[in-house]
Each structure stands twice: as structure tokens, then as C-alpha cells.
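From just these sequences and the hints, can you work out the full model?
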Amino acid sequence: MVKNSTIAPPAADKWIGAGFHALSDPLRLQILELLREQELCVCDLCDRLSVSQPKLSFHLKTLKEAGLVRSRQEGRWIYYSLNLTQFVALEQYLAEYRRFSQILPARPCSDAV
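In our numbering, the protein residues as written are 1 to 113.
For the record, the hints were derived by calculation from the structure and aren't laboratory data. Nothing here was measured: the structure is a model prediction, and the numbers come from that model. Backbone N, C-alpha and C fix where the C-beta goes; we use that ideal spot for every residue, glycine too. Not one of these hints is a red herring.
Quick list of the computed label-pair ranges, beta carbon to beta carbon:
| no. | residue 1 | residue 2 | range |
| --- | --- | --- | --- |
| 1 | Asp13 | Glu74 | 30 to 36 Å |
| 2 | Leu27 | Ser110 | 44 to 50 Å |
| 3 | Phe20 | Pro105 | 22 to 28 Å |
Pasting the structure below:
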């Protein structure tokens, strides 16, 4: 169970970091854009992105480990969809920075030795 807090617990830090890492790759962003429209199987994603299945699987694994996508198996096919809960968590993390509308400048360093 996840508790609401302004400071993320260590386990949440892992998810936040993994989420932003997953969002740092252009191909993974393309995958997420396609999944915004509908759930897709690996074969459809390969076709639409013109990438090999091994390359796509590597990126889907990263997205899944970050909690950004979920999968379900139907027969021999695996279907992927967005996990909106994790996107909300990332959005809430970033929203905390809006609270710092005025960040004070650093104090001058002392030249005394």
C-alpha cells in the first residue's frame, strides 16, 4: 500500500527514477504514444515502429520494470497497455516542484580560510 507524502519513501524513489529513465529514450516514447490510443500486441508494435522483436522486447521490459506499461497474455500473444497509475505518480512527483515558486538564491560563500 502506498501512502501519500510530500517526501517519497525509498521504494517510491526507485519507481520514480525508473520511470524517468524509461521516458528518456525516443523509441520508448514512441511506444507510449502508440499505447495512448489502444492496447497493442508485440507484433503490431513491431510493424508500426519498424523495429525487430528483440529490440522492442528490450524496450518493453524497461517500460514494464518502470511500471509505465502492463502486459497480459492471450494465447501466444502478449498485449501491452499503459499503466496510468504510474504516470499519475510521476506527475505528482513533478507537481511538488511547483510549490517552490520562489527559490531563494544561495548565500555567498565565505572567503575566510
